[in-house]
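Based on the sequences and whatever the hints tell you, model everything.
These protein sequence lines are chains H and S, in that order. For the record, in the first sequence the residue sitting at position 92 is 92 according to our numbering, with numbers rising by one throughout. For the record, in the second sequence the residue sitting at position 214 is 214 according to our numbering, with numbers rising by one throughout.
Simulated from the structure, these hints should not be mistaken for lab results.
Output of the computed footprint for chain H on chain S, the stretches with three or more beta carbons under 8 Å from beta carbons of chain H: (1) 96–102; (2) 105–112; (3) 122–136.
Far from chain S by the CB rule (all over 10 Å, computed), these chain H residues: (4) Ser6; (5) Arg166; (6) Val222.
Computed from a predicted model, the values in this text were never measured in an experiment. Backbone N, C-alpha and C fix where the C-beta goes; we use that ideal spot for every residue, glycine too.
Each chain is listed here by its residues.
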Amino acid sequence: MHDFASSLSLAVNLILSGDAELWSIVLLSLRVSLTAVAVAAVIGMPVGAALAVGRFAGRRALIVLMNALMGLPPVVVGLMVYLMLSNSGPLGVLQLLYTPTAMIIAQVVLVTPIVAALTRQVVEDIDAEYAEQLRSIGVSRLASVPTLLWDGRTSLLTAVLAGFGRATAEVGAVIIVGGNINHVTRVMTTTIALETSKGNLALALALGAILMLIAISVNAAVGLLGATSERAAHA
Amino acid sequence: MPDTTIAHSFDESHIAQAERSVASHTDSILPVSVTDLAFTADGKRLVYIDRLTLRAGGSTIIMGPNGAGKSLLLRLLHGLIGASEGTVLFNSQPMSARVRRRQAMVFQRPVVLRRSVRANIDYALSAHGYRGLNRRERLRDLLEMGELADMARQRARTLSGGEQQRLALVRAVAASPDLLFLDEPTSSLDPASTHRIEALIRRFAEEGTKIVMVTHDLGQARRLADEIVFMHHGKVTEQTPANVFFDRPSSPAARDFITGGLLV
Ligand SMILES: Nc1ncnc2c1ncn2[C@@H]1O[C@H](COP(=O)(O)OP(=O)(O)O)[C@@H](O)[C@H]1O
Ligand SMILES: [Mg+2]
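Here you go:
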């Protein structure tokens with residue numbers, strides 16, 4: 001009990017004193033996850049929109065694939081990306097294994113299906129309402145996509161935040177492809193796992209607190225956005 | 001001789017303008033001619049119209065019981081759904097991007113974009129190729145026309161039903177169409193809102209837009225119609241001048257409809 005109390009006070013100290021190691025880990029985490037989410041949004045939104053308004057061969061298969069990818073356990077994604085990036089893998093020449101880039105790639109694989117699936121839902125719903133009106137104005141199906149995305153912006157932001165939540169919280173994928181190397185690929189989740197097993201609870205607790213704060217903020221933002229779009233929809 | 005050059009080019013631009021206005025007149029998409037138009041779904045022929053002509057000038061009101069196929073007919077004419085058979089010609093031309101630009105439709109439930117009132121109108125103007133000063137002036141005129149100037153920056157979805165429908169109306173006429181389809185635009189509005197919508201419709205008609213409107217409201221039909229098209233079971237049973245229709249409708253179905261005794 002004494003152990004826990006002293007660890008806790010040490011953790012608070014770490015956070016408040018602006019401990020360099022702690023904050024470099026937090027910043028790396030944010031850099032990796034924010035980049036991954038940005039890339040996932042750039043890929044996932046057009047894919048989701050295409051699945052919503054497009055009528056092409058393989059559309060159903062793509063939707064099934066996307067839904068399957070959405071449920072993949074992070075360790076499996078980590079393993080797949082590891083195999084791609086390892087020296088004997090197809091992308092081995094790029095020498096990306098155990099770099100932040102590898103972690104970004106793994107998180108992109110994790111987050112893109114979420115963004116794409118949610119985007120498809122949002123765009124499909126708005127399209128059901130708008131399609132005839134836009135056609136009447138003379139806007140083609142393809143040209144209507146930016147309109148549908150823009151008018152779904154609140155819900156799409158929710159999708160992106162959900163993706164960010166998953167990216168920052170997962171540990172399985174980044175630990176496999178990042179290797180949890182000190183000062184290079186150590187992010188919040190992997191550090192918590194390692195430091196806890198080493199018995200260094202102070203750093204783990206401090207990072208846990210920050211991670212929790214991020215998760216709560218993301219959830220609050222999602223809730224707030226949801227309430228706003230709800231009001232707009234029923235006004 | 002710089003003076004004559006200027007005068008010359010001035011003359012030319014006037015001639016060009018005159019030619020344009022003549023061209024736009026002969027380019028009108030009216031009359032609309034329907035021949036053997038059919039819409040079939042699940043083996044059922046929901047609309048079948050062998051001949052129907054909608055001429056420029058005057059408002060045509062389409063009446064008929066629920067399920068008669070009035071909304072389907074408007075969608076077929078406006079090209080929102082494809083016909084199973086038959087043709088719709090606009091001044092002898094089939095539907096095209098140009099023909100579409102000259103017509104518009106307002107739906108029973110107004111579809112307003114999740115944007116401000118002015119952005120809703122601006123969207124249509126932009127889609128129709130309005131740019132710069134032209135666009136700003138037209139936007140201002142349309143806001144005024146719909147009595148929406150005070151709410152220009154408000155989110156369109158926070159407007160009342162009547163205001164949303166006024167927005168849908170002025171957005172529809174953004175590019176001064178030759179032809180405006182209206183599908184029961186006032187069916188969910190109170191009398192005051194209905195009155196304002198009717199005033200707008202009357203104004204569009206006076207400015208030369210052909211109105212083709214579905215309504216269930218006999219009073220509204222009497223107020224707005226120059227001509228009545230009556231539909232029953234997917235067919236047009238009569239097309240009559242309004243005064244004749246309300247005095248002595250020729251089809252039994254229309255007679256029963258007016259007296260409230262029509263059974264679908
Ligand atoms: N896309 C469609 N597919 C199949 N049936 C339809 C479709 N649209 C309308 N219908 C049917 O066609 C009939 C006419 O519909 P509608 O034109 O909406 O009638 P109304 O005269 O009341 O506007 C109705 O029985 C309706 O259920
Ligand atoms: Mg109808």
